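Trainee: Here's the letter readout for the chains.
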Amino acid sequence: MKTDAIARLMALLPKGRIMSGPAHLAAYESDGLTAFAARPLAVAVPETQDEVIQIVRFCYAEKLPFVARGSGTSLSGGSLPVKEGIVITLNRLNRIVRIDPAGRIAVVEAGVVNSHVTTAAQKYGLHFAPDPSSQSICTIGGNVAFNSGGAHCLKYGMTSNHVLGLKAVLATGEVVEFGGPSREQVGPDWTGLFVGNEGLFGIALEVTLQLLPRAETFHTVLAGYDSLEKAGDAVSAVIASGLLPGALEIMDALALEAAVAAVHADYPPNAAAVLIVELEGPREVVAWDRVRLQEILAESGAMEVRVAKDAAERLAIWKGRKSAFSAVGRLSPDFIVQDGVVPRRKLGEALKRIGEMASEARLRVANVFHAGDGNLHPLIMYNGKEADGLARAEALAGKILRMCIVMGGSITGEHGVGVEKRDYMPEMFTTNELDCMKRLRAAFDPLEIANPGKMFPEGAPAVMTTAQHGLHPLEKAGVITRE
Amino acid sequence: MNTDKDMVVTTPEELAEAVQSAPRVLAVGAGTKPRLSAVASDVVKISTVKLSGIVEYEPSEFTFTALAGTPVKDIAAALAERGQYLPFDPLLVDAGATIGGTVAAGLGGPGRFRFGGLRDFIVGVRFVDGGGRLMRMGGKVVKNAAGFDLPKFFVGSLGRFGALAEVTFKVFPRAVTTRTLRLGAVDTAAMTTIFTEAAGQRWELDALEAWPAEGVVYARLAGPAAALDVLAAEIFSRWPGAALTDDEASRCWNGVREFAWAHDGGELVKVALVPGAVAGFLSWTQTMAGARTWVGLGGNVGFISLPRGGTLADGLAWPAMTLRGGGALWPGKRADAKVYRAVKAALDPQGRFPSIED
Ligand SMILES: Cc1cc2nc3c(=O)[nH]c(=O)nc-3n(C[C@H](O)[C@H](O)[C@H](O)COP(=O)(O)OP(=O)(O)OC[C@H]3O[C@@H](n4cnc5c(N)ncnc54)[C@H](O)[C@@H]3O)c2cc1C
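Taken in sequence, the protein lines are chains S and Y.
FYI, the working numbering numbers position 167 of the first sequence as 167, with every residue one higher than the one before it.
FYI, the working numbering numbers position 165 of the second sequence as 165, with every residue one higher than the one before it.
The hints are simulated quantities; they were obtained by calculation from the structure and are not laboratory data.
Bear in mind that the values here come from a model prediction, so they are computed numbers and not experimental data.
We treat Cβ as the ideally placed atom computed from N, Cα and C, and that holds for glycine.
Please note that a few of the clues may not be correct.
[Unchecked claim] Pair by pair, the computed Cβ-Cβ distance ranges are:
id : chain 1 : residue 1 : chain 2 : residue 2 : range
1  : S       : SER136    : Y       : GLY276    : 30 to 38 Å
2  : S       : VAL406    : Y       : GLU13     : 22 to 30 Å
3  : Y       : PHE236    : S       : ARG402    : 53 to 61 Å
4  : Y       : ALA328    : S       : ARG57     : 31 to 39 Å
5  : Y       : ALA189    : S       : LEU12     : 45 to 53 Å
6  : S       : TYR124    : Y       : THR287    : 50 to 58 Å
7  : S       : LYS2      : Y       : ALA345    : 50 to 58 Å
8  : S       : ARG364    : Y       : ASP74     : 31 to 39 Å
9  : Y       : ASP74     : S       : LEU12     : 40 to 48 Å
10 : Y       : ALA78     : S       : ASN432    : 46 to 54 Å
11 : S       : GLY16     : Y       : SER283    : 47 to 55 Å
12 : Y       : THR11     : S       : PRO426    : 22 to 30 Å
Could you put the whole structure together from the sequences, leaning on the hints where they help?
Mentor: And the structure:
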């Protein structure tokens, strides 16, 4: 009986750190994908790596499913609990083990919050590059599980590109150390395989991160266009010029409208789209590159080009951008965020198709996206009170994902498959390929106890709540914003 | 490196057939890192040198896809025509290295210092598993988080978990100019100081390598010429040195890339280091007669060359891999885990490919 298992689990941790009361469990029922909810049997709150190892070994012995949880900000249902399983919450596993400025690395426990790494490193002029919009709250363990991105992926890559090594307890209870402190390694890249596993291999305990020197100068430009297409063409022109900007981001009219309403962002009036380009590097290099950027933008048909004159203006530009999603969320109580990727040259076509499909579905879609990476973030607004509101929105979301696959892209750029997109995996991968991934999963987790029901279409269907799709509770509270 | 026994394939489908046609097989490229494919004689080699060609190259996407046996040289030339490059500086390019062999060996050069290594630029693979199934993992776009990241796992996996048929990479625009500065480092301590201090500066060095025997550090800057002159002057004001002429610089970097400093026909070993371990590593190498040493990536990698027939001294305390010569494949520190064998069994249940231990 599972309830007996919980009683035995209680013996592993000091009193109060295995919670099974309904009031406690309620807080862990959902993650950032609020349409789904499931009540776990219990929530374990380990404080040390050893405690995590003991709990996982216990789960293995008892065949008890578990879901690792960082801050629960997953947008794809990755940290949604498994019914009949436990949640292992890692927020207290949050020691920064060491910062080595000479080696430019940080060794941190998995529950450390993303932005705390940079906070600890900045006195050495270093920073941790991956910057998801949720960075003030999401954990390194969550970033590792999802290979999370941010606004600087074109130049700096995703989380995986900054993880040099890690220590983990696998779902078999085996404790492994992959990679190490060197930026080079020999032999198969076990670290690279582990990052992005979506919690299906086991639990990351301690992670070795590479730190980069903070760029000396930033040059941030905002250009307004009278059509989304022109903004897209400007991206292509920047790319073709040989510049390598740190960020290339686009917001469409609806997103702009929302940002103006929410944070009083100041954008060129009547712009149908805004492009943000940021150059960074030593001041002499930026001084040179900015002239080229200026020429390109001057020829791109922009209605207006604004250059941030100081750090405050730069922050204002980013504030509007980073708050755009949450702001759009406020225009509509219910929404779904998609995260598909298309080849960059097909961005214009993709956005046009999304617009057409949205009007067919009688739904509004706002677009805020990582244009440099071709990573779309269409935000589908609907009214959950209408009988078919959610169904229409989900149907549109599905069409957008299929379009991304057909265009040669991906169903997810950074939010992961989770429960949300698992049914689309067979459209992106063949049966052979999915079977291969399942065999790999079985090598790490033969009992399928680590985060079952995610990534692969099989398994019990996830439970939909009647609650709305919409803002993460922390967004409602104004603590975080999304992109 | 081909022998009569070798099978030669020209398409991914033929590669899949070849993998199934013998009980023990190993895909090989041009043989520029011969130790990596020096396996038991009952293993049939599948030559990929005719599995060659760029399948897709879309400069506006910063991506290309090439068959595994494509010479890196051809790829570099195609990219250069469009002002792009592989930022991790693949090695042994003139020697004929193939892109698949480069991935399987997990080898990158000086450029890793700035933007990351080979693992950071590979985005997709097609490969044949031990069951002869031809599969695609990863994607063809610069950003993708769907499914497990097998493309990264294949980096450094030496063909022991699957035979690569095709690879997709992200590339970058190449900076308009570079400057190479030759800085003096009287001893190991001075060299380590340059490594650790230069890496954290505002200059954003493109490469930072050292040739300890001559007490020199090579620092490379990349960007607009006018800017580089200012940065170079600032660096020289800190550490005396001289800028190389363009000719000297290209000889220098070609030499690094092709291991021109290493012994002909000797042992060549790669060692994963950290800047703080460089001093210990160098004093260890000095215990071996005739050893030559290169230190790269600001102290994150070392290469040791020994004359033909030379053997490594005991006490290599860092992870290492022998590229050329007859020494142990993994002469350094090694980790082991049960899951290594479980993953091998998942991808190659019959053990068609040699073990990673071989
Ligand atoms: C407002 C908002 C903005 C966002 N912006 C971005 C963005 O810009 N870019 C982006 O990529 N994502 C973004 N996200 C998504 C989310 O923040 C990331 O996926 C993040 O990495 C999740 O971290 P977390 O600590 O909340 O993990 P959780 O949501 O708790 O968990 C995520 C997954 O990781 C697993 N996991 C957690 N910890 C571990 C561990 N130690 N070991 C193994 N598995 C573990 C869980 O099982 C789950 O599958 C945003 C989310 C929100 C709500």
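Trainee: If a hint holds in the structure, say so; if it doesn't, say that too.
Mentor: Hint-by-hint comparison with the structure:
no., hint, result
1, SER136(S) to GLY276(Y): 30 to 38 Å, "holds, 32 Å"
2, VAL406(S) to GLU13(Y): 22 to 30 Å, "holds, 24 Å"
3, PHE236(Y) to ARG402(S): 53 to 61 Å, "holds, 57 Å"
4, ALA328(Y) to ARG57(S): 31 to 39 Å, "holds, 34 Å"
5, ALA189(Y) to LEU12(S): 45 to 53 Å, "holds, 49 Å"
6, TYR124(S) to THR287(Y): 50 to 58 Å, "violated, 34 Å"
7, LYS2(S) to ALA345(Y): 50 to 58 Å, "violated, 31 Å"
8, ARG364(S) to ASP74(Y): 31 to 39 Å, "violated, 49 Å"
9, ASP74(Y) to LEU12(S): 40 to 48 Å, "violated, 58 Å"
10, ALA78(Y) to ASN432(S): 46 to 54 Å, "violated, 31 Å"
11, GLY16(S) to SER283(Y): 47 to 55 Å, "holds, 53 Å"
12, THR11(Y) to PRO426(S): 22 to 30 Å, "holds, 26 Å"
Of the hints listed earlier, those the structure fails to meet are numbers 6, 7, 8, 9, 10, in rising order.
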